[in-house]
Structures are given as C-alpha cells and as structure tokens.
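2 protein chains.
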Amino acid sequence: MTIRQTMTTPTASALSFTETLSLLSLSIASLAIIANTFQGDGAPLVASLAFSGLAFASSFSMIRWLGPTFMKAGLKGKDMSKVHKKEIPETMGAVCAVVYLLIITVFIPFPFYKDIVAATSGGGNRDVVLETIEHVQNGRFLHRFPHSKLASYLSAILTVQSISILGIGDDLFDIRWRHKFFIPGIASIPLLIVYFVDFGVTHIVVPIPLRPYLGELLQLGFLYYLYMFAIAIFCPNSINILAGINGIEVSQSLVIAFLLVINDCYYLLNPYPHPATDSHLFSLYMLLPFIGVSLALWWHNWYPSRVFVGDTYCYFAGMVFAVVGILGHFSKTLLLLFIPQILNFIYSAPQLFRVVDCPRHRLPHFNARTNLMEPSVTEWQYPPKPIVTLGLKVLHQLHLLRVTINEDGTITESTNFTLLNLWLVWFGPKREDRLATEILIMQTIIGFLGLFIRHNFALLLFEKDNLSVL
Amino acid sequence: MTIRQTMTTPTASALSFTETLSLLSLSIASLAIIANTFQGDGAPLVASLAFSGLAFASSFSMIRWLGPTFMKAGLKGKDMSKVHKKEIPETMGAVCAVVYLLIITVFIPFPFYKDIVAATSGGGNRDVVLETIEHVQNGRFLHRFPHSKLASYLSAILTVQSISILGIGDDLFDIRWRHKFFIPGIASIPLLIVYFVDFGVTHIVVPIPLRPYLGELLQLGFLYYLYMFAIAIFCPNSINILAGINGIEVSQSLVIAFLLVINDCYYLLNPYPHPATDSHLFSLYMLLPFIGVSLALWWHNWYPSRVFVGDTYCYFAGMVFAVVGILGHFSKTLLLLFIPQILNFIYSAPQLFRVVDCPRHRLPHFNARTNLMEPSVTEWQYPPKPIVTLGLKVLHQLHLLRVTINEDGTITESTNFTLLNLWLVWFGPKREDRLATEILIMQTIIGFLGLFIRHNFALLLFEKDNLSVL
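If you read the sequences in order, they're chains D and B.
Counting from 1, position 442 in the first sequence corresponds to residue 442 in my numbering; the numbering is continuous, with no gaps.
Counting from 1, position 48 in the second sequence corresponds to residue 48 in my numbering; the numbering is continuous, with no gaps.
Think of the hints as simulated: they come from the structure by calculation, not from any bench.
We put the beta carbon where it would ideally sit given N, CA and C, even for glycine.
Fair warning: there could be bad hints in the mix.
[What the hints assert, rightly or not] To be clear about the criterion: a stretch of chain D counts as covered by chain B if any three or more of its residues have a C-beta under 8 Å from a C-beta of chain B, and this derived list gives those stretches:
(1) 152-164
(2) 182-191
(3) 306-315
Given the sequences, and given the hints that come with them, work out the whole structure.
Here you go:
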C-alpha cells in the first residue's frame with residue numbers, strides 16, 4: 001500500500017524506488033536459483049518456482065513501462081464505474097501472455113534435461129534414452145519427463161500462443177460476440193491435432209453405476225475430441241463473461257490456479273510412483289509461471305484499476321486451464337473448479353442466446369452519487385412476449401431476477417442476467433471492490449467444496465483414484 | 001488484369017464474381033484432394049500442395065475482406081510514391097501468418113499419420129511404432145516422418161508463431177530499429193531450445209582444405225547455437241531492409257522460396273534413400289503453404305499496392321526461411337540464396353551503424369513530375385568528418401554512391417545506402433514496378449548461380465554432397 005502511495009499518479013509509467021529494489025532482488029534470487037538448479041543434478045520444480053518469480057518481476061515492470069506505449073497505439077479504455085472516468089491502458093493481458101510464453105519455453109530444458117545428456121553422448125541417436133529413464137526417476141525433485149512428452153508440452157505452448165495471437169486480434173478489431181465465441185476453438189487445434197498424432201487414447205473409464213450398460217472402458221473416438229474442443233471453448237469464454245468490474249477477471253483466474261496447484265500438490269505428496277504424478281507435475285510447470293504473471297497483472301488491475309486486462313487475458317487464462325486439464329487428464333476436476341463460471345454461463349444464457357435483449361455491456365451500473373454498484377438493467381421498449389413475461393415474472397418470484405412492472409402490469413425493465421448483477425439483487429448495492437471480494441470468497445468456498453467431493457466421493461463412481469492411462 | 005479492372009475502387013473489400021468463382025473452385029478442388037489423400041494410403045506431398053491451394057484461397061479472401069477492419073483499427077499507411085497519396089491497409093502480413101500457421105498445424109497428421117495407427121492400436125504404447133517405420137518407407141510419395149520428428153516440426157511452428165506475435169507488436173508500437181533488430185532472436189528461442197533438448201548435434205563437417213588443421217568433424221557446441229541464432233536474426237532483418245517500394249518484400253521472398261523448392265526437388269529426384277530426403281521433404285511442407293499465402297499477398301501488394309505487408313510479413317517470411325535452413329541442415333545453401341540481401345546489408349552498414357546519418361525512411365524518392373523513382377539522399381547539414389568525406393568520395397569514384405559537392409568542395413548530400421538507390425544511381429530513374437522487376441531478375445539470376453555453385457563445386461570442399469547427420 002505504501003508503495004502505491006509513493007507514486008505521483010496512478011498511471012505513472014515508472015517503477016518506484018521500493019518497487020525497483022524488490023523486483024531486482026526477486027529477479028537476482030530467481031536467477032541464482034535457476035543457475036544452481038541447472039548446474040546440479042537438477043530440481044525442475046524448484047526451477048519452475050524461480051522462473052515464476054522471474055515471470056512476476058518482468059511482467060510487473062513491463063506492464064508499468066508499456067502503459068504509455070499501449071495508450072499511444074490506441075489500446076486504451078475508460079473505466080465507467082468511477083466518478084472520474086479517465087482512460088487507462090487496455091489489453092495488458094498481452095504482456096502477461098508474451099512473458100509467460102517466453103518463460104515456459106526457456107523452461108523446457110529443465111524437465112527434459114536428462115534426456116539431452118543421454119542423447120548427445122550418443123551423437124544424435126536417441127534410442128539410448130529409453131534405457132536411462134529408469135535411473136532418472138530416483139526421487140521426487142529429481143523427477144523428469146520422458147522425452148516422448150516433449151511434443152505434448154510443445155502443443156500446449158502452441159495452443160496458448162495461438163489464443164494469445166487471436167485474443168490480441170479480438171482486442172484490436174473488437175470482434176462480435178457470436179464470432180468470438182469460437183476463437184478459442186480455433187486456438188485449440190494444435191492441441192487436438194498433436195493429441196491425435198501423439199497420444200490418440202480416446203477411451204474413458206465408465207462410472208461404476210453405468211458399467212452394466214456400457215462396460216468398463218468406453219471408446220469415445222471422435223466424441224472425445226469434441227469433448228476436448230468444448231472444454232477449450234468453454235474455459236476461456238466463461239472467464240470472459242464473468243467480467244466487468246475491476247480485478248474480477250484476474251482474481252477469479254488466480255483462485256482457479258491456486259486451487260489447481262493445491263490439487264496437484266495433493267498428488268505429489270502421495271506415495272511416489274502414482275500414475276498421475278507426471279500429469280500433475282506438468283500442470284504445476286504450466287500453472288506456477290501463470291500465477292507469476294497474473295499476480296503482476298492483478299497488482300495493477302485490482303480496484304482502482306490502473307490497467308485493463310483485455311479479452312486477451314481472459315482467453316489466455318482460460319486456455320492455460322483447458323490445456324492443463326486436457327493434457328493432465330483431469331478435465332472433470334477442472335470443471336468442478338469452474339462451477340461459478342458454469343452457473344454464470346447458464347444464468348446468462350437467456351441473453352447470450354437473445355431470448356432477452358442483450359446490450360453491448362452488461363456490467364453492473366455505477367451510481368456516482370452513492371459511489372456504489374447497482375444491478376444494471378435492460379429496458380423493454382416494447383413489452384416482452386407473453387411467454388417471456390411469464391418466465392421473467394417467475395424468475396422474479398424466485399429471487400433470481402428483479403423486474404420493474406408499470407401500472408399496466410407490463411415489464412418495463414429487468415436486471416441483466418449475470419452473476420454479478422444477481423449478487424447485487426440479493427445483497428444490495430455495494431462498492432466495486434467489495435463486490436469483487438465477495439464473489440471471490442464464494443468462488444473459493446465452492447472450489448474447496450468441489451475438491452473435497454472429488455477426493456472423497458469419487459470412489460463411489462470409480463474404483464480407484466486414477467487410471468494409469470499415461 | 002481484367003479482374004482488377006472490374007473492381008470499382010482499388011480498396012474495395014469485396015471479391016469480384018470471377019474471383020469468388022476461381023477461389024471457390026480452387027478451395028473445393030483442394031479439399032477434394034485432401035479428403036482423398038487422408039482416406040487412401042496417403043501422399044503427404046500431394047496433400048501439402050492441396051493445403052497450399054487452400055492457404056492461397058483463404059488468405060486472398062481474408063486480405064480483401066479485412067481491409068476496412070484493419071483501416072478502422074488504425075493499421076493503415078500512406079503510399080508515398082504515388083501522385084495521389086491515399087491510405088491503404090497495413091500489416092496484411094499478419095493475415096498471411098495466421099492462415100499459414102493454421103494450415104501447417106492442420107497438416108500435421110498427414111506426414112505423421114502412419115504412426116498414429118500403430119500407436120492407437122497399441123493403446124497409447126508408442127514403442128510399437130519403432131518397428132513399423134521400416135514398412136512405411138516404401139515409396140517416395142508414401143514417405144512419412146518418424147514420430148521423433150514431431151517435436152522439431154512443432155518447434156518450427158512455435159518459432160514462426162512467435163515471430164508473428166512480435167511482428168504484430170512491432171507494427172502496432174513502431175519499435176525503434178536498434179531494438180527491433182533483436183526481435184527475431186527472441187522468436188528463435190523455441191527453435192534453439194528444442195534443438196538443444198531434442199537433437200543436440202553441434203558438430204560440423206570440416207571443409208577438406210581445412211582438415212589438416214581441424215580434423216574431419218569439429219565440435220562447435222555453444223558456437224553452433226550462436227550460429228543458428230545469427231541466421232534467425234539475419235534472415236528476417238535482411239528482408240526487412242530490402243524494402244520500401246511496392247511489392248519488393250513479397251516478391252523477393254517468393255523468389256527465395258521458389259529457389260529453395262527447386263533445390264528441395266533436386267534431392268527428391270535423386271535415387272531414393274538419400275540421407276537428406278527427410279530434411280528436404282520437411283522444407284517443402286513448410287515452403288509450399290508459404291508460397292500459397294505469399295502469392296495471395298503479392299496479388300494485392302504488387303504495383304500499384306492495394307495493401308501494405310508490414311514488418312510482420314518480412315519477419316514471418318525471413319523466419320520461415322531460417323527455420324527451414326536450420327532444421328533442414330542446409331543453412332549454407334540458404335545463405336547462397338540471400339546474396340542480394342547480404343550485399344544490401346553490407347552496403348547499408350554505414351547508415352545502420354550511424355557512421356553516416358540515417359533518416360527514418362530510406363526508400364527511393366518519388367518524382368511526381370516524371371512519375372519515376374530517383375535515388376533518395378541524406379542531406380549533410382554540417383560537412384562530414386574528413387575521414388567520412390574521403391570514404392564517400394572514394395565510393396563516388398567507384399560508382400557505389402552519388403554525392404553532391406558544393407563550390408567549396410564540401411559534400412552537401414549523398415544518396416542513401418540501399419541496393420535500390422544504388423540501382424537507380426547506376427541505371428537512372430525508372431518507374432516503381434520497373435525497378436522492382438529488375439531487382440527481382442537480378443536476384444533470380446544470382447540465386448540460380450548460387451545453386452549451380454552449390455551442387456557442382458561443393459565436392460571440392462566436402463567429399464560427399466551430404467552427411468547423414470539426421
């Protein structure tokens with residue numbers, strides 16, 4: 001807090017002395033750890049943590065420094081929920097994405113290093129690697145990936161990079177909602193293609209209650225790719241529509257990331273050669289640097305925002321989760337952590353599919369007099385159709401909407417269908433950061449509940465915690 | 001030509017009827033070929049040709065359709081070498097890059113398909129693949145890549161995608177020359193890292209005359225990575241500085257691409273299991289779709305330009321060549337095809353390294369009265385230092401520059417140090433398209449000469465045409 005106050009203006013593009021010092025120490029410490037890891041027998045997880053420190057420091061500085069450059073290039077937006085609506089840089093998620101991509105690329109030799117030594121000593125003949133793998137797996141922190149995983153790791157990077165390019169395009173050209181819905185689908189193509197070529201396992205374990213009908217394993221084939229495609233489309237879009245108030249996009253992504261990391265650690269602390277260990281190590285390698293860049297962005301995006309994240313960030317974050325869930329083979333667990341986003345999506349459906357009129361922006365309404373956020377409304381210029389009227393009135397009775405009815409009994413306005421507006425309908429107007437905090441607490445509680453269910457009741461559906469398909 | 005004239009204005013964003021019909025037929029034919037290839041026993045090279053047709057059709061249409069969108073987003077520029085200096089869309093290379101990346105990603109299963117069949121039948125156990133490879137290599141068009149090449153193919157895509165992101169950033173933010181020089185270096189990191197992890201061969205064959213001193217093979221180690229890094233920085237930048245007149249960037253890239261394709265075919269027509277066949281197949285798979293998207297861009301960018309290509313295209317094109325040369329292990333041949341660019345770079349050095357003042361743009365000067373291009377000049381506000389004066393006068397005597405000297409004998413202006421200006425000094429003012437055509441003819445002749453030398457005199461330096469390092 002003191003650091004923030006030493007800055008002359010909120011959009012100042014220089015780092016304060018304290019900030020420079022802290023970031024510099026963090027970077028030096030991280031570099032020292034990395035150098036140490038690379039020389040010694042290696043500990044990729046420690047290296048990944050250090051790289052995440054670097055990711056934080058570099059994206060923090062770049063977000064600050066590049067502010068004026070972004071403004072000049074027209075990447076800027078007005079914060080509508082403030083008394084003084086000044087313009088601030090937009091699309092800062094692009095900086096995070098680029099730093100993230102660079103970091104996870106440079107990280108590659110750490111989990112894959114042992115292979116190199118074997119490979120080069122054989123002069124380009126990689127068959128020798130297969131024999132050395134066994135010796136490599138002699139401890140938790142020593143654990144490295146077999147070489148064959150490189151292609152799937154690269155496809156993950158490729159997919160995240162694709163969504164970043166397309167996200168930047170979206171932010172630049174302001175693509176319409178019905179088109180941009182499919183953008184993450186296009187970006188997921190590298191992931192699906194490499195999965196097809198490289199791994200190709202498309203059977204799933206059938207839940208116990210369904211086994212009498214379907215058997216133990218079910219070959220999904222094409223449907224499995226459709227499922228992965230759907231996950232890749234859902235995660236980025238669902239973060240993109242739970243948005244509109246300062247800090248909510250980054251914060252919800254950070255909550256999901258932290259919950260996934262906790263879930264990963266649960267597997268790593270299990271007795272060692274658990275079949276899913278590799279998947280969860282992979283997940284950590286992807287998530288730790290993500291947390292690094294996201295924290296840096298969060299610092300600048302939390303109320304009152306000094307930068308906006310842009311659609312780029314929402315897509316980028318959602319795709320990191322989708323990739324981790326798909327390649328880590330825990331997409332069902334992932335969806336448990338997306339429950340608030342799923343609810344928001346279902347609740348939004350009437351507007352997304354145009355049953356109810358959908359304005360360009362549905363963010364809560366800022367009341368400049370009280371300085372509080374209130375539910376935003378869609379005005380009905382013509383009375384809605386009878387069936388829609390009935391539906392809206394039922395939702396109103398169920399406290400799932402607030403409608404205003406004139407003396408004739410016709411609906412003149414209804415609150416917009418978003419979780420944020422519903423929260424304000426339920427608990428009354430509140431300040432922007434208060435609203436964000438409450439939503440995040442709700443999300444965290446539901447997330448922990450999801451993980452608890454996952455690890456305690458999954459055995460009712462499947463006879464063991466994980467099948468060794470990897 | 002008739003097609004162009006039917007358009008109402010040069011920036012019209014609709015396809016004419018003839019164009020729609022042609023592109024549609026091309027797309028349908030391509031799709032039919034691809035469907036056929038995928039069902040049958042397969043012919044990746046034929047599929048690659050068909051994909052290139054698709055690449056042409058889709059980038060052609062998108063370049064046309066997206067014109068107004070790009071203009072609205074501020075991606076536009078003025079054509080300075082015309083009487084009517086109207087604004088046209090800029091950075092259209094980004095469209096080519098995105099289409100290209102999508103196409104070569106979707107193409108992956110074709111060269112790698114046989115592996116999948118083996119892999120999935122084994123239920124995720126990929127060891128069985130190793131045994132089937134031998135059976136797969138039973139004919140030229142049947143030839144497919146071993147699975148282990150997937151990582152290096154993916155790293156190629158990743159690198160081209162990185163340069164595209166950074167190129168778009170450059171076009172958006174107009175980065176200064178001394179910074180942007182290193183942008184391709186950053187983009188080459190995925191390539192170098194995966195080379196390090198995946199292949200790691202860093203010894204080179206020593207030319208015969210040097211063997212008494214160095215031995216037959218020389219282990220370069222770190223220096224080899226520096227060499228690849230230098231190639232990756234040089235190729236994109238050298239295309240980016242041989243620029244400034246309508247169509248020159250795309251045309252020179254097309255000439256290089258066609259020469260490389262001819263070189264690749266030379267290897268494919270050799271008796272079959274030539275050790276370098278794989279490398280040159282890989283090269284073709286990368287280059288054919290590149291030619292597809294570039295031809296579409298060329299159509300719109302040739303004199304008089306209706307779109308500009310942007311730095312994005314120059315970087316993208318140069319990086320495709322660098323990747324092909326590095327992963328195909330024919331970087332020396334590649335450099336033979338870059339001789340005009342190398343000469344332009346050396347000739348430009350005095351201005352690039354600020355021995356001589358360097359204006360923001362050094363493109364030839366357009367004389368609106370004659371409608372011809374003339375050499376552009378840098379004016380010397382103060383007389384140059386004696387040593388520089390001497391140098392400039394010597395160059396003038398050698399006909400490698402034109403300087404204007406006032407009555408005192410001091411230099412008042414000198415032509416800018418670019419190949420295009422030098423050409424105009426030598427052969428006098430000419431129209432923009434004439435200048436471009438002559439430069440391209442010169443480039444083509446030098447290129448064929450380079451290939452001729454490569455294949456006829458290489459045996460004087462190396463005892464066989466290629467060493468089987470792959």
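| Residues of the region 152-164 of chain D with Cβ under 8 Å from chain B, three needed, outcome | holds (count 7)
| request: Take the region 182-191 of chain D, compare each residue's beta carbon with every beta carbon of chain B, and decide whether three or more fall closer than 8 Å. | output: Since 3 is at least three, the answer is holds.
| message | Can you tell me if the region 306-315 of chain D counts as covered by chain B, using C-beta to C-beta distances under 8 Å and a minimum of three residues? | response | violated (count 0)
Taken one by one, the earlier hints fail for this structure only at number 3.
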